[in-house]
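Colleague: Make a model of the complete structure from these sequences and hints.
Protein sequence lines correspond, in order, to chains A and B. Mapped onto the numbering used here, the consecutive letters of the first sequence carry residue numbers 1 to 313. Mapped onto the numbering used here, the consecutive letters of the second sequence carry residue numbers 1001 to 1156.
Honestly, the hints are just simulated from the structure, not real lab data. From a predicted model like this one, the values you see are computed outputs, not experimental measurements. Ideal placement from N, C-alpha and C gives every residue a C-beta, glycine not left out. Each hint should be verified, as a subset may be incorrect.
[To be verified] Listed next, with one range per pair, are the computed distances between beta-carbon atoms:
{"no.": "1", "chain 1": "B", "residue 1": "K1036", "chain 2": "A", "residue 2": "R308", "range": "44 to 54 angstroms"}
{"no.": "2", "chain 1": "A", "residue 1": "K109", "chain 2": "B", "residue 2": "A1115", "range": "27 to 37 angstroms"}
{"no.": "3", "chain 1": "A", "residue 1": "L250", "chain 2": "B", "residue 2": "R1114", "range": "37 to 47 angstroms"}
{"no.": "4", "chain 1": "A", "residue 1": "L212", "chain 2": "B", "residue 2": "A1115", "range": "43 to 53 angstroms"}
{"no.": "5", "chain 1": "A", "residue 1": "E15", "chain 2": "B", "residue 2": "L1019", "range": "49 to 59 angstroms"}
{"no.": "6", "chain 1": "A", "residue 1": "E15", "chain 2": "B", "residue 2": "K1122", "range": "56 to 66 angstroms"}
[To be verified] Derived pair list, reagent style DSBU-like, types lysine-lysine, alpha-carbon separation capped at 30 angstroms:
{"no.": "7", "chain 1": "B", "residue 1": "K1015", "chain 2": "B", "residue 2": "K1051"}
{"no.": "8", "chain 1": "A", "residue 1": "K130", "chain 2": "B", "residue 2": "K1024"}
{"no.": "9", "chain 1": "A", "residue 1": "K81", "chain 2": "B", "residue 2": "K1051"}
{"no.": "10", "chain 1": "A", "residue 1": "K211", "chain 2": "B", "residue 2": "K1036"}
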Amino acid sequence: MPRLCPRIVRSAAREHILLPLLLPECRTVEQARQELQWIQNELPTKRSVVRACIARSRHVPLQYILGTQPFGLLNICCKPKVLIPRWETEEWAMDLIRGIIRAAMQTKKPILTIWDLCTGSGCIALLLRKELSQQGIDLEVTAVDVSPAAIQLTRENSKKLKIPIRILKSDILSDQLHLHTRSDQQIDILVSNPPYIKKSDFNKEVAISVKLFEPRLALVADLDFYENLIDQWLLKNGNVESFVYELGSLVQFNYVKYRIKSHPLLKTYWNVGLKFDSNGKPRCVYGFKTSNSFCKEIFKNFGSLIYRSTISK
Amino acid sequence: MMRRSLSTMPCVLIKRNMLPPRPKFQSFMEDEIEEKFLHGGRGAGGQKINKCNSKVQLKHVPTGIIVSCQETRSRDQNRKLARDKLALALERHKSGGTSSNWVPTVREAALNERARQQKRSKERKSRAKYDSVKTAKEKEERERAEEEEQILRSLE
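Modeller: Have a look at this one:
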């Protein structure tokens, strides 16, 4: 990160005494001004505003200071030790919701089952449950995480926002949770925002405030969770009808695509697609079974289909 | 007195709850706009950085008007606010102003008129107050003068 120009710092100080404190994170005066406005709006006393700005100069994430992050129409509580919801996640979650609503209008479904793995603050699970039940869609949402802090925060959010979801504490990489689900229970959509930053990228590419304050557990992993998706959920469990996984690079997408394409069974009935975010970066890998027309409808405008199952050809 | 008798135009008072509505974003306009989300980010994004801002930019294709909004931390809110802003900009565009020399909308004209009326009524009230104080003072003085005169007369 280039050094801040002293002239900018001085001109910021002339405008407001607290602005220079926000500059290391915001980088521009305009952005700092905006952030100061938010802090002043949300914190009650002058003293707490000053304290927040000092914390900000030490790279504490704004969401931990203010305690919340807007996510769709929800205001999700944020606490240290749990990943802060990102706008990219909000974006694809909203797109997914739009797809589900459209699909539900065409074919009535008795009850939709959604599982959210690595839920963190519970943001995806809660938003899906809230938005879809508002549209009169019946659904059952299960949120899973390994971190006690995340489970605690998801409970808190669920209670505070009055959105009932099932919350499970489990390590999906070692617990074989997929085998504990009832064999007849179909999972219509499996969503996840798993840790996806490669260990070798962690030091050079991750922003300093993320590096210092957000939990490594929620950030760093290589292909573990994508491997888990294919081996455990698609192969061993087999009741998953469609999935959406957030990702950080094309390597992860190619891995999922390759595993499905090269498997004698999976390649016959799974379709795989890629979704970009509005910043032009690859953001999601999704897949659905060809036989499931409901899921096919959900992902119609979601991203671009890269691999088609051999049946559909 | 003179001035009042000459004004024959009935003055319509503008009430605060009777103002013309703000220009509304109509649902058909949704097809005429291009929406963009700007996060000012080169580089990776996703879990690697944590941006708090979410700027929404709307472009109205037929007129080429562009508005943007990043007032709140919520993208949802910003999208709504940007639409209100665009509706206002379109209303101004319709009333024929340019960006450097804009014509106020119906609501703004009413707001200006209301401000004028309030100022005038304030002036009128203060004038009335000063007048009443002045007459009271004059009356008091007159009474005192009379009293003094009476006292003088009784002394003679």
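Colleague: State for each hint whether it applies.
Modeller: For each hint, the structure was consulted:
1. K1036(B) <-> R308(A): 44 to 54 angstroms: violated (31 angstroms)
2. K109(A) <-> A1115(B): 27 to 37 angstroms: At roughly 56 angstroms between Cβ atoms, A1115(B) and K109(A) fall outside 27 to 37 angstroms, so the hint is violated.
3. L250(A) <-> R1114(B): 37 to 47 angstroms: violated (59 angstroms)
4. L212(A) <-> A1115(B): 43 to 53 angstroms: holds (51 angstroms)
5. E15(A) <-> L1019(B): 49 to 59 angstroms: For L1019(B) against E15(A), whose Cβ atoms are near 34 angstroms apart, the range 49 to 59 angstroms is violated.
6. E15(A) <-> K1122(B): 56 to 66 angstroms: Check failed, 35 angstroms falls outside 56 to 66 angstroms.
7. K1015(B) <-> K1051(B): With a Cα-Cα distance of about 44 angstroms, the restraint between K1015(B) and K1051(B) is violated, given a limit of 30 angstroms.
8. K130(A) <-> K1024(B): Holds: K130(A) and K1024(B) sit about 27 angstroms apart, inside 30 angstroms.
9. K81(A) <-> K1051(B): holds (18 angstroms)
10. K211(A) <-> K1036(B): Holds - the C-alpha atoms of K1036(B) and K211(A) are around 29 angstroms apart, at most 30 angstroms.
Violated hints, listed in ascending order, are 1, 2, 3, 5, 6, 7; each of the other numbered hints is respected by the structure.
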